[in-house]
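Novice: Chain order of the listed sequences is A, B, C and D.
Start counting the first sequence at 40; every next residue gets the next number (our numbering).
Start counting the second sequence at 40; every next residue gets the next number (our numbering).
Start counting the third sequence at 4; every next residue gets the next number (our numbering).
Start counting the fourth sequence at 4; every next residue gets the next number (our numbering).
If you are wondering where the hints come from, they were derived from the structure by calculation, not from laboratory data.
Incorrect hints may appear among the rest.
To be verified - With a straight-line Cα cutoff of 20 Å, these simulated SDA-like cross-link-like pairs (lysine to any residue) come out:
1) B:Lys159 <-> D:Asp322
2) C:Lys205 <-> D:Pro259
3) A:Lys159 <-> C:Val323
4) B:Lys157 <-> D:Asn82
5) B:Lys329 <-> A:Lys159
6) B:Lys157 <-> D:Thr191
7) C:Lys167 <-> C:Tyr187
8) C:Lys167 <-> D:Lys274
9) C:Lys167 <-> C:Glu186
10) B:Lys335 <-> A:Lys159
11) A:Lys329 <-> B:Tyr226
12) D:Lys205 <-> C:Gly137
13) D:Lys167 <-> D:Val323
14) D:Lys205 <-> C:Tyr187
15) D:Lys205 <-> C:Asp194
16) B:Lys157 <-> D:Gln5
17) B:Lys364 <-> C:Leu320
18) B:Lys157 <-> D:Asp322
19) D:Lys274 <-> D:Gln5
What the hints assert, rightly or not - Computed far set for chain D versus chain B, every beta-carbon distance over 12 Å:
20) Val127
21) Thr166
22) Asn233
23) Ala321
All C-beta atoms, glycine included, are put in the ideal place defined by N, C-alpha and C.
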Amino acid sequence: MAKMMYRDAVVSTIAEEMERDPNVVVLGEDVVGGMGTAGGPEAIGGIWSTSTGLFGKFGADRVIDTPISESAIIGAASGLALTGKRPIAELMFADFIGVSLDQIWNQMGKFRYMFGGKTKCPAVIRMAYGAGYNAAAQHSQSVHQILTGMPGLKVVMPSTPADVKGLLRTAIRDDDPVIFLEHKALYGMSGEVPDDPEFMIPFGHARLSRAGQDVTIVSSGLLLGFCEAVADKLAAEGIGCDVIDLRSTSPLDEEAILDSVEVTGRLIVVDEAPPRCGLAGDICALVANKAFASLKAPPQAVTPPHTPIPFARELESAYLPSTDKIEAAVRKVLAYR
Amino acid sequence: MAKMMYRDAVVSTIAEEMERDPNVVVLGEDVVGGMGTAGGPEAIGGIWSTSTGLFGKFGADRVIDTPISESAIIGAASGLALTGKRPIAELMFADFIGVSLDQIWNQMGKFRYMFGGKTKCPAVIRMAYGAGYNAAAQHSQSVHQILTGMPGLKVVMPSTPADVKGLLRTAIRDDDPVIFLEHKALYGMSGEVPDDPEFMIPFGHARLSRAGQDVTIVSSGLLLGFCEAVADKLAAEGIGCDVIDLRSTSPLDEEAILDSVEVTGRLIVVDEAPPRCGLAGDICALVANKAFASLKAPPQAVTPPHTPIPFARELESAYLPSTDKIEAAVRKVLAYR
Amino acid sequence: MQLSREALMRAYRQMKVIREFEERLHVEIQTGEIAGFTHLYCGQEAVAVGVCEHLDNDDKIVSTHRGHGHCLAKGCELNGMMAEIWGSREGLCKGKGGSMHIADIDQGMLGANGIVGAGAPIAVGAGISARIDGKGKVAIAFSGDGACNQGTTFEAMNMAVVTKAACIFVFENNHYSEHTGYEYAVGTSNDIASRAEAFGMKVWRGDGTDFFSVFETMREVLEYVRVPGNGPAAVEFDTERFFGHFEGDPQRYRGPGELDRIRETRDCLKKFRASVTGAGLLSDADLDALDADVAEAMEAAVAAARAAERPTPEDVLADVYISY
Amino acid sequence: MQLSREALMRAYRQMKVIREFEERLHVEIQTGEIAGFTHLYCGQEAVAVGVCEHLDNDDKIVSTHRGHGHCLAKGCELNGMMAEIWGSREGLCKGKGGSMHIADIDQGMLGANGIVGAGAPIAVGAGISARIDGKGKVAIAFSGDGACNQGTTFEAMNMAVVTKAACIFVFENNHYSEHTGYEYAVGTSNDIASRAEAFGMKVWRGDGTDFFSVFETMREVLEYVRVPGNGPAAVEFDTERFFGHFEGDPQRYRGPGELDRIRETRDCLKKFRASVTGAGLLSDADLDALDADVAEAMEAAVAAARAAERPTPEDVLADVYISY
Ligand SMILES: Cc1ncc(C[n+]2csc(CCOP(=O)(O)OP(=O)(O)O)c2C)c(N)n1
Ligand SMILES: Cc1ncc(C[n+]2csc(CCOP(=O)(O)OP(=O)(O)O)c2C)c(N)n1
Ligand SMILES: [Mg+2]
Ligand SMILES: [Mg+2]
């Protein structure tokens, strides 16, 4: 076990996999940094420091800096993946699926099915998502709800450095397109990470981060930490919460959720996406349908309101589900008779 | 009342509104047709015949044919709307939000909020959506679930010629961006349409297309007809279904749904989008949360499977929710004890 | 360069296969047996074949909604193609793709595409792959005059230049995007190649109704792009489509007599025949024999497609990696 | 054309306001009081002002992530701008937009933009509007050298040509997109204007560190574009940014002494002063007085922003049209 930051777990996993498999290549804006400047390659890396050192180690053929052309980046990742490479493409902000969605949704996500099962497209698209930086309406969004709804994409959302390591390795070795969502407010999070160079976490296996008997809380990303804090606080009062970290939203670990609700009978889903057609509703509906008889209270979504993400500190904090709101939701489902 | 086809309701409403308000303009690919050809303007209209005759009536300043550049089409609609016009832009297929999503999601949908409430963006984006034409994975999709999740967009889905008329007029006169989804398999549907040139249907008001006491069925678009057929069949057996045609998914008529479920205690949502993070789950979750005490059976989604849309006739039919599947779902929730 | 008799026969046969395939579909579609949207490539055969005759399986192509010609020229199997368009389980894509979504990765055919302009970025990736591998292989993006207005196509061209991808952008200017003339929709009207050139690429131009023009042009282009490090290039071929945008299009945008004129003077098969028989390279009998051969193959392909196994409802759930 | 004393004073003052605004933000940001990402326009003032001094409120502009200069030059109120960046309720956008999302429709400022390349299509719409209205008004899209590689920018240029939009694409080539040099990312390296030209537009070039170069170039451009029916045009201005991509950027991509050199030789304010005092049009004292005036206004703006009312949690739900 080594202690490392979430962002370092990203870059070290990429480096290890590039070392292991010469077909792994990286591409994106400023993934080298400094190209075409007096400072030269790697004068500076990308803004998240998630590719630092890769160019020096693996060279220009395997670490490819691109123009600001997200459709071409994702398209190129597809083309690389269809011709024997294992590209890891970076979208600097998840919000930029807006300018590249076709290549994700209608292209790479559909090849295998549409072409009759003969086509592998082993591409990873990494994206920094989420609020918490006061980056306002166009640089703070969650997109897992959009991409989870799209058949042909696997969607992964690690909440800890160890999960980054285990899930990113799985993603890189996966033969299908994987969307790898890194919460930008977690890049500086520290945690223990297994040293085993084969440490992998399979998709579709949620993690029980807190165990309790009274309420099931499902979450991931930045808000998972909020849920854990609430669970810890309530534990002191004798209220037990299962806190389930989804890790991947597609495939979804239905079993973990349903098993927990069968015991607790009460469900809260805490998610950063807006309320409509989002992940929170998706999971509430799943539970309402498949664990109906176990439910003792209405399944409850805790999400931001149906608005764009506002800029000012006070507004962004009020926008995001807070520990207070989560706690209130727990108390509400507990109080339900 | 005049009998007209769904597609003619589109074009006649646009023509009437253009007549009434000189600021209404139309733009899109082949909305004139024949530009730059020997046949000349209007040699042929767009492939859906939803702009036929407009160019001849209103001229080149108000009916603008564009290159194949969907981002620029939507962006231009924004720019027109911000400068006093009321554009109606056409995306030939809803699937093309893939190449224009940023302009819909991050631009026009956010102006009003992000700019502090001072900005009006009265644009309508019309899109042909849905399966039924064997147009395969990239020309058959439903996108209301994606767009409904995006704050700042109103999303409308008419299921009849009369609703086209009433809702499109409302959309054109609305001061905010409206996504107007036309089901391509309904273009040829005939129906009575009110003559009143001020006939408008407000958003967020669902229509009860069949009334019953036993089950609530929520749907829209092509599948609404399937639901009606099932309701009619079951009515003969003495099983009563409320069939609710949503008309708009954002705003959503929560009240109509909840009121019905309070009576029936049983909910089925039939929707053409894939199962995850879709509209069906959204409404099931809504009901599970807000009508929990009324529910006598698990809320049930009926959707296609989580796959791209296949080409062959047999496959597309098997992909779409059929009347059989809908009927089976009704019987299942009725049988639930 | 003089092509061998064998190469000439092969080129003619390839063009003829495409022609017959499309002419036959044009007829079969009227019967209602074939589902979906079908865009026929008829008239443009010299481009697909003049390009692909230079390629092997390790060279890649990326195609469009009007992709049958590219597929066949690149080596997709005739029966599999026909069966796919018929929506059969025995089709190249098991009936899941259909006309607009045929791919055959083993043949280096990375996919037709229903989204206009979506192929070019994919070709850039394949072209980067080729550059990395350093074996002189290339990736080719076919695009129409309409597609050349999509942002993705422009991004792809710039990115190919920046990454020195071994990538060739082949623009087939058939004068129409759906019902709109290129003189309206392309701001630079009849000069798509110059637009590509402004991205910093070498460009060529050729007559897309003349196999030899395409073939010789592509020889030069490929000679250039196969040199590792040279980066991408673009070519514009002026060509004609003989049918409507899709089947069912009444084509009222055409001038009077236009279709007759282009069938008469701009038919790549007629031109080829005139050229090779005139030069005494092949005889009419040689070509007639190929025609007969192709007709027979087509008959067999249609019969096979018609008889082929239909997909079952369970097939909907095959070849997905996550089921709900 | 010789500018009046008043016009010269105004131009200088506008540039100075932007300069001081940015220099002050650079200092204030260190204190942690200002949230979010802030991209400073410092160094490029001559472009914003040289363009916008030709415009009135019925002319429109569309801006970028580096938008403060464009906003101020187009007439957005200083205090409202400062308050917005402070995230106050009294900000131009009530604290909801912040640095990257300032708009003021009444001033013809249609919005800064966090999405690179997103502005150009919007400007096309505004330019079509202007063409329809036939009053000789224009819409201007500011874009960076990085933005010129986005598909949306290309689509916008072609569409503007096709629709004869009264639209001007102003490319500010400050040599960097984030940490990457334009010589790498723009395939045509130092010729963005030629790329625009290939879309069928008239293009101009100018020195973006020299107000007079920008102003005179734009006079010509506007004379052309204001003629109904002439359609769009593009201009490339070579310019410099004095700070990092965003605040916090260590700028290790710069050459040794680069920042000193550009501050010394490529500072539009210094150049302007040298030019007008040299020609005896304005005195140092005139300009110093303006400097003092601006410094005072800035002090007041910061004080006001600091004291301004903060938004409340309820404000999150204001100005939405659908609530759930
Ligand atoms: C992104 C996108 N926009 C629009 C369409 C609809 N469409 C299909 S083909 C076509 C015309 C394409 O013209 P061109 O590129 O010249 O190819 P051609 O049909 O002439 O072969 C259009 C507009 C599409 N499929 N994808
Ligand atoms: C679509 C998109 N891609 C990437 C980014 C991240 N980003 C913000 S500014 C920028 C560089 C822009 O460079 P340029 O256009 O030259 O403008 P400058 O910053 O030099 O003013 C990048 C890559 C973004 N905001 N939007
Ligand atoms: Mg064409
Ligand atoms: Mg720049």
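Novice: Hint by hint, which ones does the structure fall short of?
Specialist: Violated: hints 2, 5, 6, 7, 8, 9, 10, 11, 12, 13, 16, 20, 21 and 23.
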